[in-house]
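Participant: Work out the full structure, taking the sequences as your base and the hints as a guide.
Protein chains in written order, with our numbering: chain B, 1 to 452; chain Z, 1001 to 1347.
Read the hints as simulated data drawn from the structure, not as lab findings.
Treat the hints loosely; a few may be bogus.
What the simulated footprint calls covered on chain B by chain Z, stretch by stretch (three residues with Cβ under 8 Å from a Cβ of chain Z suffice, anywhere in the stretch; the number is not a length) [as the list claims (entries may be wrong)]:
#1 71-80
#2 99-106
#3 165-177
#4 399-410
We put the CB at the ideal spot given by N, CA and C, even for glycine.
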Amino acid sequence: MQDALTVHRLHFAFTITYHYIFPQLTMGLALLIVILKTVGLRTGDDHYNRAARFWARIFGINFAVGVVTGIPMEFQFGTNWASFSRAAGGVIGQTLAMEGVFSFFLESTFLGLLLFGEKRLGPRGHWFAAFMVFLGSWLSGYLIIATDAWMQYPVGYTLGPDGEIMLSSFWGLVLNPWAVRQYLHNMNGAVVTACFVMASIGAFYLLSGRHEPYGRTFVRLGVRVGVVATILQLFPFGDAQGRMVARHQPATLAAMEAIFTTREGAPLVIIGQPDVQRRQIDNPIVIPGMLSLLTYRRWTAEVKGLDSFPEADWPDNIPLLYYGYHIMVGLGTIFIAVMITAAWKLWRGRLFASRLMLWTLMLSLPFPYIANTAGWITAEVGRQPWLIYGLLRTSKGVSPQVSAGNAWFTLIGFMGMYTVLGILFLFLAGREIQHGPGHETVRTVPAPGGTP
Amino acid sequence: METIWFCLVAVMIAMYVVLDGFDIGAGIIHLLVAKSDSERRLVLRSIGPVWDGNEVWLLAAGGTLYFAFPALYASGFSGFYLPLMMVLWLLILRGISIEFRSHIEVPVWMQFWDAVFSLSSLLLAVFYGAALGNVVRGVPLDEKGYFFEALWTDFRLGPNTGILDWYTVLVGIAAFFALTLHGATWVAMKTEGPVAERSRAIGRRVRWAVAGLTLIITIVTFRVQPQVPANLTGHPWGFVFPALALAGLLAAWRFVGRDDVKAFLSSCAYLLGMLTSVVFGVYPYVLPASTNPAYSLTVHNAKAADYGLKVGLVWWVIGMTLATGYFVFAYRYSAGKVSLSVEEEGY
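Facilitator: As C-alpha cells, this is what we get:
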C-alpha cells in the first residue's frame, strides 16, 4: 500500500462508500415524505403531517451529512484523479456541472422551506416544497448516475488527435442506455433502504409501546411501498442492469459469477468461495444452467468464462467483486421474502400482532445499506481495470504529482473526520427517534438543512 | 467561446465570494459581536436561510470550471492538493457547526460549535485569499502542465514556492479583513440592538485595515504579476474594474456605521471590483507558470472541446435562470431584519 495508485483508489473508495450511506436514505425518504404529505393533504388528517415532519427532521440531519461528505467527491476528481479529469472532464464535467446548476440550487432552496416554512407556506405550499426537494434529489441522482454510466459504457464522444476525449453528442451522454437502467436500479435501491428504515423505526415504536399510531403508519407505508420496490429491484431493474453488464462488460460478468471457464449451460453459484489461483469455486452450491437462462434466456446458452479474456483485462479484485455481487443479490432475495411476508400479514390484519415479524422488520435496518453498498462495489470494482471502460486504465487516471504520502495524510484526515461525523449523526438521529413524532421541538434557530 | 466561459466562471466565483463571503464574515465576527446565546442565535438566524444556498455557488462554479476548463481543474486541484483538502475539512466543520449547534440546548455543546463555526470561517477566509494569491503569483508548472506545491517552503517568491509565501499570506490577511468588513456590514444590516451596534463598531475599525491592505497588495501585485499592469495599460477600459473596487471601498468607508444597507452594498461592490480586476489582470492566463511562461495554462490551452462548450451554454443559461429565480425567492422570503420571536419556526 505504498504506491500512490493504491492509496488514491482507497481514498476514493472510502469517501464515496461513506458518502453514499446518506444520499440513499435522502432520495428514498424524499419519495416517502411526498407520499405522507399527499395523504395528509387529501385526508386533511394532521397525523400524516406530523409524521412527515418527524421524517423531515431525520431527513435534515441525514441531508446535512450527505452534503458535507458529497463536496469532497467533486473535488477529488481534480485533486486525486487529475489525469482522468484532464482527459474526460469535457464530457463528465457536463453532467457534474449540471448537477450543481440544476439540482443543488433547487434542493438547497426548498429544503429550507420544507424544514422551517410550514406555517408560512400553508399545506399546499409545503407539499410543493416537499415535492421540489424530491425532484431535486432525484435529478441530482440522475446526473451522477449518468456520469458513472459514461465511465461504465462511454458513448457520445470522439477522440481528438492527442487522444483527448471530446463530447460529440450531448443527448447521447444524457440518455445513455446504461444510465437509464442503472438509474432505475439505483433509485429503487434507495427506496428499498428508506422503506426498511421507516418500517424498522415503526416496528421499534410498536414493540416498545410508544407512539403507536405513528408506528403503525410507518410500518404500513414502509411495507406497502417496500414490497413493490423489493420485487421491482430484482425484476425488471436488476435483471436489466445485469444484462447490460453481460452484453458490454462480459469479463466483469464472468468475474462476478466466478465463471473461470467458458461453457454452455453455465450454473448460477449461490454460495462458494472463489479461488482465483486454482481457477475454481470452493464449496460450491449451484443451480445448473441457471446463469445461461438468466443472461441469455436459454438453459444451454454459452457464457464466456474468464479464460476468454486476457488476464490484463480481468477485474483486479475478483473475490471482492464476487462477494459484492453475491451479497447484493442474496440480501435482495431475502428482502423480497421479508416484505412479501410482512405485506401478507398486513393484508390479513395480523402484522401488528406478530411480534416476530415486527422484530424482523426492526432488525432489518442495516441490511439494505449493506446491499446498496455491495451493489456499488460490484459496479465499480467490476469496471476495473478500467477507469473509463475500454478507454482509460485506472492506473493512467491518477494525479501524477500527488505522492502516496500526501494521499495517506488526507485519507487519514477523512477517516478521523468521518468517524466524528458518524458519531454525531447517530447521536442526533437517535435522539430524534427517541423523542419520536409527536414531539415538536421549538426550533428557535436557523440551520435550514445544510449546504446543498 | 472560451472567453465567454472564462467570464461565466469568473462571474460564478465572484458571486460565490460576495454571497458566501458575508456568511463567512458573519462567522468571523460571531464570537465578538454576539455574547449571549440569544445574540448568537440572532447572528445564525441572519445567515440561516441563505448560507447553504450561497455555498452552492462554489459547487456550481467548480462543476462549471471542470467541464469548461478540464486541464485547469486537473492541474490546479492536484497542485493545490493539501490546501484544498483542508478547505474541504473546514467546510465540513463549518457546515455541521451551523447545522448541529442548536439540536441540543446545552450551553457547553452550543459554545463548542460556536467556536468551531468562528474558527473555521476565519481560516476559510485566509485560505481563500492565499489561493487567490497563488493563482495571481503563478505556480511551478512542469511541461506536462502539472505541479505540486507544499504548504510552505521558505516563504519567498521564486521557482520553489509553497502555497504560503509572504505574498500569498499578505493576500490571505487582506481577504480576512475584507470578509470581516463584509460580514460586519451584513450582520449590522440584518440585526438590531447590541449585535448590530458591535458589528458597526467592528466595521468602522477594520475599514482602516482593508483600505491599507488594498493599497499594499495592489502595489505588490503589479510587481509580482507583470501581466496585470500590461493588461491594464494595453486595454485601458479595464480600469473600470479597479475603479469599481475603489468606489466600493470609498463608499464603504463613508457608509459603514451610518447606513447599513448602503455599507453592505458598497462592500459587495468592493469585492466584485477586486475580483474582476484580478480576473481581467491575469487574462488570458488561468494559471500562470512561475517556471517557464510557455508552460502557463491559458483559456486557450485549458479549454474543453468546442462542441461541449456550445451545448453547455444552452443548459447553463436555462439552469442559471432557474437558479436565480430560486435565489430571488429565498432572499425575498427572508428579507428584512431578523428577530428572535418564536412565531416563525427556524429562521
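Participant: For the segment 71-80 of chain B, does the count of residues with a C-beta closer than 8 Å to a C-beta of chain Z reach 3?
Facilitator: holds (count 8)
Participant: Apply the coverage criterion to the segment 99-106 of chain B and chain Z: a residue qualifies when its Cβ sits closer than 8 Å to a Cβ of the chain, and three qualifying residues are needed.
Facilitator: holds (count 7)
Participant: With a Cβ-Cβ cutoff of 8 Å, does the segment 165-177 of chain B contain at least three residues near chain Z?
Facilitator: Check passed, 4 qualifying residues.
Participant: Please verify the coverage claim for the segment 399-410 of chain B: does it have three or more residues whose C-beta sits within 8 Å of some C-beta in chain Z?
Facilitator: holds (count 8)
Figure legend: structure checked against the earlier numbered hints; every hint is met.
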